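Dock chain B against chain A, hints included.
Taken in order, these protein sequences are the chains called A and B. Its first residue numbered 1, the first sequence is counted upward by one per residue in the numbering used here. Its first residue numbered 79, the second sequence is counted upward by one per residue in the numbering used here.
It is worth saying that the hints were derived from the structure and are not from the lab. Values in this document were obtained by computation on a predicted structure and should not be read as measured data. Virtual Cβ for every residue (Gly too), placed ideally from N, Cα, C. Hints may be right or wrong, so weigh each one.
Stated by the list, open to error - SDA-like, lysine to any residue: derived pairs with alpha carbons at most 20 Å apart:
#  : chain 1 : residue 1 : chain 2 : residue 2
1  : B       : K100      : A       : L69
2  : B       : K272      : A       : V50
3  : A       : K59       : B       : E111
4  : B       : K138      : A       : R64
5  : B       : K272      : B       : A218
6  : B       : K274      : A       : S32
7  : B       : K255      : A       : V42
8  : B       : K272      : A       : V43
9  : B       : K274      : A       : D14
10 : B       : K138      : B       : L96
11 : A       : K59       : B       : Y140
12 : A       : K59       : B       : K274
13 : B       : K138      : A       : Y57
14 : B       : K170      : B       : N124
15 : A       : K59       : B       : H101
16 : B       : K274      : B       : A224
17 : B       : K100      : A       : V50
18 : B       : K138      : B       : H104
19 : B       : K272      : A       : A33
20 : B       : K274      : A       : R60
21 : B       : K138      : A       : A46
22 : B       : K255      : A       : K59
23 : B       : K274      : A       : D36
24 : B       : K100      : B       : N124
25 : A       : K59       : A       : A46
Unchecked claim - Incomplete in silico selection of chain A near chain B, CB under 10 Å:
#  : residue
26 : D10
27 : E12
28 : E16
29 : A19
30 : I21
31 : H24
32 : T38
33 : V42
34 : F51
35 : P54
36 : Y57
37 : S58
38 : R64
39 : E70
40 : S72
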Amino acid sequence: MWEYISAYIDGEVDVELRARIDKHLETCEICSAVLDSTRNVVVLIADDRVFELPAGYSKRLHERIDRELESSSDLAPD
Amino acid sequence: MPIPSNPEFEAECIRRILAGEKHLFHELIRTCERSIYFMLLSLLGNETDAEDAAQDTVIKVYQNLRMFRGESQFRTWVLSIARNEGLGRLRKMSARREDSLDAETDETTGDYTPAILTSWREVPLEALERQELGEILREAIQGLPAIYRNVVLLRDIEEMDVRETAQALGITEGTVKVRLHRARAILQRELAPKLKGFAPERKRKLLGWTN
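With the rest of the complex left out, here is chain A:
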C-alpha cells in the first residue's frame, strides 16, 4: 500500500488500482493517516512562504543582465 501513496497523490494510478486503494482506505485507519499526512507535507512545502527568494534577488539579477547587455555585442543569428 505504501508503495502507491505518492502515485496516488499525483493521480498516476489507473482506475482499477485507484478503486482498490479507495476501498482499502475506507477501512484502514493507518494508511488513511499516512496518505493524509504525506499529502499535507506535499501541500505545505509547495507554499510560497516556505521557500522565498532572498530580498532583492530579482533586482540584482536584472542589474547584472543590464551590465551584460551593455557590454556585449549583438547576438547575431547564425
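Structure of chain B alone, referenced to chain A:
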C-alpha cells in the same frame, strides 16, 4: 506560485533578441528566475552561492541563446544550464563531497517507510504564518540526499511535470517517480513527529461554536 511557460511568447522573444532587441531578455528570463535560484540552492546549499551561480547561469543563457532549438521547454533548457553551473561549482568545492556527486549513484540506502501516526493528519497552511514551521520544512528538505532534494524541489515546489523534471535533471521519468516517492516518504517520516504541534486542536472542542 510558478509561472506557466508560454512557448509562443518565448520563441517570439528569442527571435527578437537575436535580431537585436536585447532588452527583451529581461522579460524572457523572468518566468525562470525563481526556478533557477531554487535549483541552485538545492545543489549548493547556501543562499550566497545560489544567487551568485544564478547570475552566472542567466548570463550563460543569454550568451548561448542561439543554441536553443525549441526541442524542450525553454525553462527546461535553462534549468539544465543552471544544473551544469551548480555541478561545476560543486566539483570545485571538495568540502561538500559527501552530499553531492557521490550521492548521485546511491539510491539503495535509506528508510522509505512512512511513519505510522494517527495523532495528526493535517497542518493548515495558516500555520506557515509561524516562522518556525517554515524553518522545520526547509531543514527537512535540505537534509534530504541531493538526488531526492532535486526531484522534490522541481516536482513539488516548482510544480514541474514529470517529463520536464526528467529532462532538467538528465534522468528518466521512471527514476523521477521513484525518487519522488522515496523523498516524500522520507519527508513524511522526518516531519511526522515535528508537525504534531502545528495541527489544530481536535474538532470536538469546537462543537457548539459552529454557525
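These are the hints, each one checked on the structure:
Pair hint K100/B plus L69/A holds up; C-alpha atoms about 7 Å apart against a cutoff of 20 Å. A hinted pair counts as satisfied when its Cα atoms are at most 20 Å apart, and K272/B with V50/A qualifies at roughly 16 Å. For the given pair, K59/A sits about 11 Å from E111/B by alpha-carbon distance, which is consistent with the 20 Å threshold. Using a Cα cut-off of 20 Å, the hinted pair K138/B and R64/A holds, with the two alpha carbons roughly 12 Å apart.
Under the criterion of a C-alpha separation no larger than 20 Å, the hint pairing K272/B with A218/B is consistent with the structure, at around 10 Å. Straight-line distance between C-alpha atoms of K274/B and S32/A comes to about 16 Å, which keeps the hinted pair within the 20 Å bound. Distance restraint check for K255/B and V42/A: the Cα-Cα separation of roughly 14 Å lies within the 20 Å cut-off, and the hinted pair is therefore satisfied. Using a Cα cut-off of 20 Å, the hinted pair K272/B and V43/A holds, with the two alpha carbons roughly 16 Å apart.
In summary, the hint linking K274/B to D14/A is not supported, as the alpha carbons are separated by about 33 Å, beyond the 20 Å threshold. Distance check on the hinted pair: K138/B and L96/B sit about 15 Å apart at the alpha-carbon level, within 20 Å; holds. Only pairs whose Cα atoms come within 20 Å are accepted, and K59/A paired with Y140/B is accepted, the gap being roughly 17 Å. Of the supplied pair hints, the one linking K59/A and K274/B is violated, its CA atoms being roughly 38 Å apart against a limit of 20 Å.
At most 20 Å may separate the alpha-carbon atoms for a hinted pair to count; K138/B and Y57/A meet this at roughly 18 Å. Distance hint between K170/B and N124/B is fulfilled; the C-alpha atoms sit about 15 Å from each other, no more than 20 Å. This hinted pair checks out: K59/A and H101/B have alpha carbons roughly 15 Å apart, not beyond 20 Å. Between K274/B and A224/B, the direct Cα distance comes to roughly 26 Å. Violation of the 20 Å bound is thereby established for this hinted pair.
For the hint linking K100/B to V50/A, the alpha-carbon distance of about 34 Å lies beyond 20 Å, and the restraint is violated. Under the criterion of a C-alpha separation no larger than 20 Å, the hint pairing K138/B with H104/B is consistent with the structure, at around 14 Å. Of the pairs offered as hints, the one joining K272/B and A33/A holds, with about 16 Å between alpha carbons and a cut-off of 20 Å not exceeded. The hinted pair formed by K274/B and R60/A fails the criterion: a straight-line CA distance of about 39 Å is larger than 20 Å.
Distance restraint check for K138/B and A46/A: the Cα-Cα separation of roughly 28 Å exceeds the 20 Å cut-off, and the hinted pair is therefore not satisfied. This hinted pair does not check out: K255/B and K59/A have alpha carbons roughly 35 Å apart, beyond 20 Å. Using a Cα cut-off of 20 Å, the hinted pair K274/B and D36/A holds, with the two alpha carbons roughly 13 Å apart. Simply put, K100/B and N124/B have alpha-carbon atoms about 31 Å apart, too far for the 20 Å limit, and the pair is violated.
Among the hinted pairs, K59/A with A46/A is inconsistent with the structure: their alpha-carbon atoms are about 24 Å apart, more than 20 Å. Given the 10 Å rule on beta carbons, the hint for D10/A holds: about 8 Å separates it from the nearest Cβ of chain B. Look at E12/A: its Cβ gets to within about 7 Å of chain B, closer than 10 Å, so that hint holds up. Given hint, E16/A at the interface with chain B, is violated; its Cβ is 19 Å from that chain's nearest Cβ, farther than 10 Å.
Because the closest C-beta pair between A19/A and chain B is about 21 Å apart, greater than 10 Å, the hint is violated. The interface hint given for I21/A is broken, as the beta carbon of that residue sits about 14 Å from the closest beta carbon of chain B, more than 10 Å. A distance limit of 10 Å between C-beta atoms decides the matter here; for H24/A the minimum to chain B is near 15 Å, and the interface restraint is violated. The criterion of a C-beta within 10 Å of any C-beta in chain B is met by T38/A, whose closest approach is roughly 5 Å, and the hint holds.
Evaluation of the V42/A hint against chain B yields a held restraint, the C-beta minimum of about 5 Å falling below 10 Å. For F51/A, the interface hint holds, the least distance from its beta-carbon to any beta-carbon of chain B being 6 Å, beneath 10 Å. The beta carbon of P54/A is positioned within 10 Å of a beta carbon in chain B (closest approach about 5 Å), and the interface hint is therefore held. Taken as an interface hint, Y57/A checks out: its beta carbon lies about 6 Å from the nearest beta carbon of chain B, inside 10 Å.
About 6 Å separates the beta-carbon of S58/A from the nearest beta-carbon of chain B, less than 10 Å, and the hint is met. At a threshold of 10 Å, the smallest CB-CB gap from R64/A to chain B is about 5 Å, leaving the interface hint in force. At its closest, the beta carbon of E70/A sits 9 Å from a beta carbon of chain B; the interface hint therefore holds under the 10 Å criterion. Restraint check, S72/A versus chain B: the minimum CB separation of about 7 Å is within 10 Å; hint holds.
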